[in-house]
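Start from the sequences, fold in the hints, and give me the full structure.
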Amino acid sequence: MQETNTVKILRFHPEKCIGCLSCEKACSKVHFKTEEGGENSAIHIIKKNETFEMNVCDQRGLCLDMCPVGALARNKKGIVILDVKRCIGCQACVAFCPINAMRKSSKRIEPFKCISCGACVRACPEGALELVETPIKDIRKVVYHKQGA
Amino acid sequence: MVEGQIPIQEYQTGNTKHTWNIEKLLSAHKKLSEHSYTKGIVEKGYANRTLYVNLTTGEIKEKNVSEDMKHLFTGGRGFGLKLLWDSIKPTTRWNSEENELIITTGPLCGITQYPGSGKSLCLTVSPSTNIICDSNVGGFFGPYLKFAGFDALEIQGKAKKDVVIVIDGETGTVSIESAPLEETNSHLLSEQLTHIYASEDSDVSRQKVSIVSAGTGAEHSYWGCMNFSFYDIRRKVPRLKQAGRGGLGTVLRDKHVKAIVVKVETIDGVSNHPVDPDTLAMVGTKIHREIRDLDRFQCNMRSVGTAHLAEIMDAYDLLPTENYRFGSFPKAPRIYSPEFYKLFTKIIPDGCWHGCTMACAKTVDGYTVMTGPYKGQKVTVDGPEYETVGCGSNMSLWDPLWILEFNFYCDTYGIDTISAGTAIAYYMEMYEYGILNKERCDGLELCFGNGEAVLELLHRIAKGDTGEFIQTAAKGIRRVKDWLKKKNWGEPYLIEECGMESKGLEYSEYVTKESLAMQGGYGLTLKGPQHDEAWLIFMDMVNNQIPTFQDKAEALHYFPMWRTWFGLNGLCKLPWNDIEPENNAETDEPAKVPEHVQNYVDLFTAVTGVKVDKNELINQSERCYNWQRATNVWLGRGTRKDDWIPYRSMGPVTPLEYGSRMQRYDDQLVEKLGLKKEEVEKMSIEERIKELYRYRQDQYQKLADAVYYRRGWTPNGIPTPQKMKSLGFTDKKMLSMLQKKIDEDEKNGLNKWCGTYRGKEKPPSDIPRYWEKW
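Here the protein sequences line up with chains A and B, keeping their order. Heads up, the first sequence is in this note's numbering, so the first residue is 944 and it goes up one at a time. Heads up, the second sequence is in this note's numbering, so the first residue is 2 and it goes up one at a time.
A couple of the hints might just be wrong.
Said to hold, decoys possible - Distance windows between CB atoms, simulated: (1) A:1042 with B:596: 22 to 30 angstroms; (2) A:1060 with B:257: 52 to 60 angstroms; (3) A:963 with B:596: 52 to 60 angstroms; (4) A:975 with B:28: 20 to 28 angstroms.
Honestly, the hints are just simulated from the structure, not real lab data. Glycine included, each C-beta is placed from N, C-alpha and C at the ideal position.
What follows is the structure, given as structure tokens:
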């Protein structure tokens, strides 16, 4: 399916962020047609001391090898996409994501994640977010499999 | 292959590919009977009906599940026990017309959020034991059976020729079809049927089909297992999990069932329609993360499955070697889990049900078969699990490839690796003593370590060889003991005490000589010596947490009840204590893993909406546990004499064994029996063995006394009507049957304690017929 060696991932410029959460609202609109943000948003902006941090999927794809039904795959643009129709809601990808970027909303059993659609980038009034083309080999991660600590 | 992120469609195993003429196979099918049903939805974990199929008459019908049945029997194995009680007679044997083969699910079966939630529970009157045997198994069949509309499947009668039973949850039909052309052996048959019954030629469709089958070995032995398939979209083969114990596959083939097929229309994360999916997701995510963070420091289930136990058992003198004579062996490191890790396929998800992140179902892909009808082909071998590795050490096979070969053929022939491995190990010991020899073994040189002879035995069994030894051997240790004694080929003591069976069922792979509680865990059981009721060796022997008879009895009450609970709900036991929370050791009762017990309380309520606490979970089990014991009594067993275990499981039978652990046994003669050191030194090895034998046999009887009392039974091991009533049972047939048996025991003087109590020692109760005071 994948036809590219690069993938667009989000880059965050905390110095520009004002914490308005427009990105989260835009994201939850994409996923759940609501502007609630928060648990319904794939991007999370977290206030930390005087600055902000972003938590979002970086398309590393560790979850691809966790899905028992093949509901997770990279699309032509290299983006890791969850096929909700195939997903059986087991939460394996949610729990095994090392950066907790696969999300579960109480709106449905199937999780959701950042699809690099750019809605948050467009929604940000300060230009604190951008999509950056990144080589997949630089971010690719494989689920831990070795025997022993 | 250790490279991750391979797109599913590009994944390769290197297996030999087959092409099947599906149309030809299907055109030979003839529908013998058909039943249409209204597709329902599963509500709060229950489909609320069961499916009955009679192969003799062709009758197919639905039975309602009442609220009362759910309350008393919970589901899964409990439903199976109730359905059997209503259908069989005290005279029913494994091959009787009315014997049933039952596959059940359970209310939590099929949830995807918590690891180990896809178990089927299978029951029948066993050829090995003549009582009910229950066996749990992974694979997709159980969840799919429920999502197709049924909490249980009940098969009675016998077909005249080979049939497949097809439960089509897509169209809402159940049919019995003749199936003359398909293969019988499971790795091929399940592949053919998966392709035949998948709605579309796609992996997604094939994943919605599950097949139950047993091969030609199940037809010709009492060791028949049932293979439950789960189609692997990466490996593109239906993989197999086994309902191994007690000859269920033998009964399946005796009924001329070639396979049972189930197909679902859809499946999602809430197919059970739980009342509270958020809690399921929350509790599930919590344990998935424990597995993610801790498994590699605890059991390594994700990398090597249960095979990790080989090195632990060897270290603690518990790995059965040369028919349980020894608990460790210098060659054992050759079959430690790192050797299998080298062979296992890595990285991809290996749960036998969706969402199981414990993922212990390991495979060796592209394995080149070394012997028999599939020699030279490349196949996927499911396993080996610890038990199969233990069979290897028991038969003194120290080459991982021979263990894989044994594993592959046992599976595809539909033979239980445990029963076969334990039995062959016994035959090998008899061979060593000259009680058996090449001539008596129909030309097989069945000495320890001869992998080729082991496989040749399996091939000949599967072919239906009529040799006297092959025929007897395939019926298991109990029948071979009787045969050897009848032939007068050896000392009855050796023949009887070396063979590791109880109730007619072969032991699973742990040495129990130094743990009295574990001897009880194997002997004081419902179906026979299987470690699924209790595994107390570490609590008892290593950590000394249950020193008194009363402590041991409490453990032999709690743990069998707790472990029974998984079977009532369609769950796997492994995620309970093969992963533990980081702070588990600091809790009040680490052996119970309290946090995980609470997880199960939460899961049960989240699915069914019924508010429970941890005590109620034990009550649910106690009802079914006692019901099963009572059914054993009804079938003419289920008494103290049926809980007999061979001395090989209690102590050293032979001078060789005594000598191998001389210091240990000599010390015990001094410390536990009160003999003087000088006295012991003057005794011959045979005399020392005898002294220890007397002592340990008495210990076992005292344990049985304490356990029966704790469980609410008579001294002869009969569940009392008083106990049954306190559990909520009012079935008059059951209560009067038990009373009658107790009265008979009274007449025959069997209502008495069997331990020898001296000095300050006291039996569990001084009151005659104490249960009448309850």
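Against the structure, the hints come out as follows:
About 25 angstroms separates the C-beta atoms of residue 1042 of chain A and residue 596 of chain B, a value consistent with the hinted range of 22 to 30 angstroms. For residue 1060 of chain A and residue 257 of chain B, the hinted distance range of 52 to 60 angstroms is satisfied, since their beta carbons lie about 57 angstroms from each other. Between residue 963 of chain A and residue 596 of chain B the beta carbon distance is about 40 angstroms. The supplied range of 52 to 60 angstroms is therefore violated. Take residue 975 of chain A and residue 28 of chain B: their Cβ atoms lie about 50 angstroms apart, and the range 20 to 28 angstroms is violated.
In summary, the numbered hints that this structure violates are 3 and 4.
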